[in-house]
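Visitor: Read off the chains here:
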Amino acid sequence: MTKSNLTRRSFVKVSALAGAATAIGASMAGCMSESAPAPEEPAKETTATAESAPAEDSKAGLTKMRTSCHGCIQMCPAIAYLKDGVVVKLEGDPEAPVSRGSLCIKGLNQLHTMYSPRRVLHPLRRAGERGENKWEVISWDEAITEAATHIKDAIDKYGNYAFFASVGGGGSYSFMEAMTLPMAFGSPTVFEPGCAQCYLPRWALSKLFYGGDDQSIADNAVQEIFKPEDNQTEVVVIWGAQPSVSETAESGRGMAELRAAGVKTVVVDPNFSPDAVKADVWLPVRPGSDTKLLLSWFRYIFENKLYDEEFTKYWTNLPFLIDMDEKSERYKLPVLAQDIFPDFKQTTPENTPAYVCFDLKTNQVAPFEYSAPADAVVDPEIFWAGEYEGKSYKTAGQIYKEEADPWTLEKTAEECWLQADKIEEAIKLYVENNGGIANGVASDMTESASQVPLGCMGLDSIMGRINKPGVTMTQKGGGYFAAESETGETKSIRPVTYNNGFGGMFSDMYGIGAVIGLSDAQNEERIKAMAETNGEMQKRHNQLLVDRLGMKDHKGLYAWCHSHIPTVRNAIATGEPFKPRVWFDMSGNKLAMLGNAKSWYDVFPEVDYIIGQYPMLTSFHIEACDLVFPLREWLEEPMVNMTQLDTQWLQNECTHIGETVSHSIPAAQVVNKCREMWGGEIPGGLMPGLLASATEAEVKQGVADTLGAPDWETLQANTDEYVPFVTPNYWNYGQHEQICDEDGLPSGFATESRKIETYCQMLIKMARTGYPYCYPEPQEACADYSPICCAIEPAESPMESAEGYDAEYPFVLTSGRVPYFHHGTMRHAPFSRELFPTAEIRINPASAKELGIEHMDWVKVTSRRGEVHARAYLTEGVNPKTVWMERFWNPECYDASQANPTGGWLECNVNVLTKNDAPFNEVYGSYTNRGFTVKIEKSTRPENIWVEPEEFAPFLPTSEMLAEPQTKDVF
Amino acid sequence: MDTAEPAFEEPIPAVQGDGAEESAVTDKSEEASVPTIEELTFDQAYDILGRCVTRHPLNRDVLYDALVYCAEERILRDAENHLAALPAFATATQNQYFLLMSLVKAYGLDYIERDEAGELVTADRKEGLTEDEIDDLVATVSFKTTEVGLSFVEQNKPQARLVSLLQLNPERVDTYREVLEFVDGQPRSYNDIKELLAGRPVLQTFIDGKLETMQPSVFVDKLERAGALVWNNGWTLTREGKEFLIDLQNK
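Protein chains in written order, with the working numbering: chain W, 1 to 971; chain Z, 1 to 251.
Simulated from the structure, these hints should not be mistaken for laboratory data. Be careful, since some hints might not be right.
Stated by the list, open to error - Restricting the straight-line Cα-Cα distance to at most 25 Å, the calculated cross-link-like pairs of lysine-lysine (PhoX-like) are:
| hint | chain 1 | residue 1 | chain 2 | residue 2 |
| --- | --- | --- | --- | --- |
| 1 | W | 935 | W | 860 |
| 2 | W | 305 | W | 468 |
| 3 | W | 881 | W | 938 |
| 4 | W | 327 | Z | 210 |
| 5 | W | 552 | Z | 210 |
| 6 | W | 539 | Z | 194 |
| 7 | W | 134 | Z | 105 |
| 8 | W | 552 | Z | 194 |
| 9 | Z | 144 | Z | 126 |
| 10 | W | 64 | W | 89 |
| 11 | Z | 157 | Z | 251 |
| 12 | W | 227 | W | 264 |
| 13 | W | 89 | W | 59 |
| 14 | W | 422 | W | 264 |
| 15 | W | 528 | W | 539 |
Unchecked claim - Quick list of the computed label-pair ranges, beta carbon to beta carbon:
| hint | chain 1 | residue 1 | chain 2 | residue 2 | range |
| --- | --- | --- | --- | --- | --- |
| 16 | Z | 196 | W | 677 | 24 to 32 Å |
| 17 | Z | 250 | W | 677 | 37 to 45 Å |
| 18 | W | 677 | Z | 81 | 22 to 30 Å |
| 19 | Z | 186 | W | 680 | 20 to 28 Å |
| 20 | Z | 95 | W | 950 | 39 to 47 Å |
| 21 | Z | 36 | W | 941 | 29 to 37 Å |
| 22 | W | 677 | Z | 130 | 45 to 53 Å |
| 23 | Z | 41 | W | 937 | 28 to 36 Å |
| 24 | Z | 200 | W | 919 | 32 to 40 Å |
| 25 | W | 967 | Z | 41 | 48 to 56 Å |
| 26 | W | 937 | Z | 164 | 39 to 47 Å |
The structure presented is a predicted model; accordingly, all values stated were derived computationally and were not measured. Ideal placement from N, C-alpha and C gives every residue a C-beta, glycine not left out.
Please work from the sequences and hints to get the whole structure.
Guide: In structure tokens, the structure reads:
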């Protein structure tokens with residue numbers, strides 16, 4: 001721009017953007033710096049020092065409120081500064097133990113998204129066709145009545161299964177509400193584009209594997225390694241995660257502190273992420289080949305006897321003999337001692353079965369009862385195969401060893417596009433230092449969604465890195481295994497795992513689902529007792545489990561009560577086995593989030609009525625929704641944050657504009673209205689059904705209760721007194737060794753065998769009946785799931801020798817986050833869009849040269865499902881045959897100021913390319929968002945894609961939005 | 001693999017492999033120029049009309065009925081009254097005028113203005129007049145189904161849809177007939193139909209090679225889409241459904 005054409009108006013715009021970018025840069029400075037405070041200098045004081053006098057001056061006259069960011073799910077503690085009710089400044093809370101005063105650009109975006117002209121401040125009813133951005137503002141009464149009327153009409157006409165719900169995509173937090181809303185309407189259908197593709201496999205498997213927390217560094221599961229005091233972590237293997245980008249201020253900051261303190265890191269990631277840049281060893285694995293790399297680690301560790309032998313023998317189930325007889329009922333399951341030793345008398349309680357091992361003391365097959373290692377009468381062999389009384393058996397360890405055996409360092413290097421010496425260096429770093437594996441969403445987005453976490457947890461289990469200081473797999477949180485007796489005395493009990501929902505909440509609520517760790521008789525007794533008090537609900541809920549879409553094959557989805565997304569889509573399209581037809585979506589942009597987005601666009605005309613709720617309009621709302629409820633932004637909504645270590649923090653109501661409501665309220669109001677229309681009860685619905693607050697008063701009281709305050713007003717007036725809330729006895733170690741008051745045995749783990757089930761035997765039972773979720777009435781059997789990590793080649797393979805190879809698509813595409821956005825949110829945040837205006841694809845310069853592509857050229861990316869455009873970002877940080885895109889790019893381009901407004905979801909959205917058909921992950925039905933093949937061609941910029949900073953000016957907060965009056969609670 | 005619906009001819013592509021052959025971008029700015037019917041081929045106009053009618057299920061039957069009703073020229077008031085009286089209109093998401101104008105924009109209806117004498121008010125006659133003068137000139141607004149619209153009606157007659165439905169799954173024919181007979185004479189609730197079909201082997205079907213149990217709503221949905229059933233405080237037969245049932249019984 002030359003001086004002569006710099007008009008006053010454009011000058012103002014450019015200045016505002018440039019100034020904003022500077023401000024963000026300053027605020028982010030703390031996130032990634034790797035200068036650990038001197039040992040004698042507490043972190044709090046360091047942060048305080050950083051608050052220089054000029055910074056303090058900038059806060060003069062401003063009202064300070066403690067809150068929590070909700071730019072991503074980690075929810076870093078933050079401080080908001082207000083002037084005349086408008087939030088004008090945000091910064092991290094220096095008292096937060098991991099983020100330590102950091103706040104990343106995702107959080108800072110809120111200054112703009114909160115006051116964005118794209119905000120929805122009132123209920124909206126479509127005033128034009130689906131696809132037209134025309135809306136009519138209506139009252140809340142009208143909106144609730146309209147939604148309830150359509151739901152009731154559909155259920156009256158077609159039955160309860162006509163209703164369905166969804167959630168996901170960031171920006172709203174209605175996971176529990178979405179899960180339970182269909183229950184209220186007696187429908188089995190709900191989905192979330194995350195779930196099977198994000199976190200469920202890792203979360204749910206950890207419960208089946210050992211009953212403890214998973215290894216996700218992105219979802220606040222991994223906390224131990226970030227302890228500022230007495231931190232015994234020496235190595236962290238980050239497998240398929242990039243905390244510095246995904247959760248910059250918390251896990252990213254935490255990792256930076258660890259590295260500064262000398263902790264070694266290995267990063268397994270096809271992309272040269274900031275964490276990979278700083279790693280001691282970076283393994284740029286071929287996308288989708290992680291299972292092979294994991295098996296090479298097993299092989300190396302087994303072959304070189306680097307595992308913790310004592311721990312593996314006595315605390316894992318790898319020494320158990322597995323029935324190899326295909327005709328046997330217990331085929332692939334561990335043999336019970338009573339099965340082959342009829343005279344065997346078990347001394348442990350019925351809920352603690354005795355298995356069988358090959359005893360090295362006697363060189364014989366022998367019963368293997370549960371006990372403390374020191375009390376064991378056998379010395380179990382981990383790797384054994386042989387016959388006993390004419391039948392073949394192998395130990396679970398032997399099965400694992402045989403699976404891993406082909407994966408030499410050399411073969412793995414060839415198949416995974418790695419160097420053998422680097423793999424070996426990484427394994428040595430891992431085995432020679434205390435620590436653990438921390439993983440991320442990468443594997444969830446592939447067919448190997450269950451096998452990769454089984455492998456990651458399996459490695460930590462054979463290394464004995466569980467329930468110890470410095471590791472990632474722990475059972476923290478306080479109160480583990482404790483139970484209150486009738487006398488009020490706290491006693492430890494045999495650990496158990498409840499299933500169906502978080503903490504098994506639906507199991508207790510409706511009397512469905514078996515409890516792992518109870519004996520068969522105990523489970524039967526429990527379910528029978530619940531049937532006596534709540535039989536009708538139990539029967540209804542069990543039927544919903546049986547009828548849920550996709551459950552015959554992918555029973556792992558039961559853990560979060562979700563349906564299989566491609567099966568839902570196909571049911572909408574074909575009407576069979578029933579047609580979901582009235583849709584209540586509770587957050588996000590489904591056109592950004594769902595795999596093969598166009599296949600979903602195609603079925604919108606098959607859905608009778610679509611209700612959305614969100615703080616802003618996205619292309620999904622414009623293309624699909626008939627009604628939109630306005631939600632609060634995070635600066636407005638009372639909530640309790642995720643934990644940081646043992647602390648919980650307040651997300652405060654710093655301000656509130658428009659008629660927006662907290663996220664749970666629309667659904668609760670609609671359910672109440674439906675009940676009223678039906679004269680009291682929803683026919684066929686479950687009771688209590690929806691778990692959601694119907695009023696802001698309920699929301700606020702819930703927050704106050706969690707943080708230990710008597711009421712919301714007291715909490716707000718005395719925030720420092722109640723925040724942070726510290727969970728007592730949060731850190732626990734060696735719990736499995738503690739003697740259980742109930743039976744005098746070591747407590748062990750909350751699994752069927754009471755040991756870590758490295759060979760995840762529960763997956764075999766699950767495939768055959770739906771156990772432990774679909775209980776007491778079983779689900780139909782499907783093919784057995786693999787109980788261990790096994791080698792999987794992606795269905796669309798770049799390997800010429802593979803079945804899924806197609807020379808037309810020579811590159812393998814994977815994806816990940818960039819630091820500017822979280823999921824599909826914040827595309828209307830002008831600062832972030834200025835910094836990262838449009839989709840980019842990372843390409844190796846050598847490959848680009850062959851294709852005649854220069855840095856920042858536009859390219860067309862084509863998969864077997866569709867094509868999108870992106871700018872080429874040339875970098876040595878990806879393999880020449882790998883390309884990398886942001887996982888949810890989906891610009892929101894509806895704007896009257898644009899010459900060619902568009903839905904925006906089609907042009908650059910990586911999810912136009914992704915694969916939502918079989919093969920799916922066997923347990924969870926995860927489809928392929930990463931690790932499919934594409935071709936790349938040079939192209940030109942699509943007409944309606946914005947790139948220049950000025951083009952984002954319409955997203956800037958307007959004077960009208962900043963002048964919006966402070967409003968009171970609507971409900 | 002998606003099953004072709006025996007309803008309006010707007011097939012839904014399978015999940016796999018449909019690519020991006022058809023732009024899903026919806027450019028709906030007010031200023032966007034809309035081609036006249038003369039600028040399109042018949043097939044292009046037909047496709048646009050098909051998308052318009054099938055775009056929203058709650059409006060689908062009302063839009064189709066509007067095309068049928070306006071085979072003769074209908075004045076706005078009559079058309080609005082006719083649509084308002086349709087049982088399906090109770091759940092429509094737009095008012096009658098919006099729906100009629102949608103069909104006009106989609107080349108299914110002609111928008112006709114006449115003066116007090118019943119003469120057409122053409123563009124030529126409006127030239128040079130103010131908006132108020134045009135309002136004074138136009139005495140009535142009416143709609144008449146275009147050739148494209150008539151073709152769409154013919155292609156998607158309930159009779160044809162029902163025949164397709166029966167051909168698609170011959171093993172369900174008896175059950176379809178039984179449902180038609182069940183609702184003939186008195187409106188039935190969904191629960192009535194659910195009870196009627198509960199436990200029937202016909203509810204078993206193969207989806208992707210696996211045996212699944214369908215909900216009875218599948219039969220209701222498909223008969224409704226085929227134009228045989230309509231909800232009017234209970235499921236009842238449409239006129240076409242009644243005629244079709246008689247045909248079936250006679251066979």
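Visitor: Each of the hints needs a verdict: does it hold here or not?
Guide: Status of each hint after checking the structure:
1. 935/W to 860/W: With Cα atoms ~8 Å apart, residue 935/W and residue 860/W stay inside 25 Å; holds.
2. 305/W to 468/W: 21 Å, holds
3. 881/W to 938/W: 16 Å, holds
4. 327/W to 210/Z: 23 Å, holds
5. 552/W to 210/Z: 9 Å, holds
6. 539/W to 194/Z: With Cα atoms ~18 Å apart, residue 539/W and residue 194/Z stay inside 25 Å; holds.
7. 134/W to 105/Z: 16 Å, holds
8. 552/W to 194/Z: Judged against 25 Å, a Cα distance of about 23 Å means the pair holds.
9. 144/Z to 126/Z: 21 Å, holds
10. 64/W to 89/W: 9 Å, holds
11. 157/Z to 251/Z: 20 Å, holds
12. 227/W to 264/W: Given pair residue 227/W, residue 264/W holds - Cα atoms ~16 Å apart, limit 25 Å.
13. 89/W to 59/W: Judged against 25 Å, a Cα distance of about 8 Å means the pair holds.
14. 422/W to 264/W: 14 Å, holds
15. 528/W to 539/W: Given that 25 Å is the threshold and the Cα spacing comes to 12 Å, the pair holds.
16. 196/Z to 677/W: 24 to 32 Å: 26 Å, holds
17. 250/Z to 677/W: 37 to 45 Å: Check passed, 42 Å falls within 37 to 45 Å.
18. 677/W to 81/Z: 22 to 30 Å: 28 Å, holds
19. 186/Z to 680/W: 20 to 28 Å: Since residue 186/Z and residue 680/W have Cβ atoms about 27 Å apart, the given range 20 to 28 Å holds.
20. 95/Z to 950/W: 39 to 47 Å: Holds - the Cβ-Cβ distance for residue 95/Z and residue 950/W, about 41 Å, lies within 39 to 47 Å.
21. 36/Z to 941/W: 29 to 37 Å: 31 Å, holds
22. 677/W to 130/Z: 45 to 53 Å: 49 Å, holds
23. 41/Z to 937/W: 28 to 36 Å: For residue 41/Z and residue 937/W the Cβ distance comes to about 31 Å; the hint holds.
24. 200/Z to 919/W: 32 to 40 Å: 33 Å, holds
25. 967/W to 41/Z: 48 to 56 Å: 53 Å, holds
26. 937/W to 164/Z: 39 to 47 Å: 41 Å Cβ-Cβ, so the 39 to 47 Å window holds.
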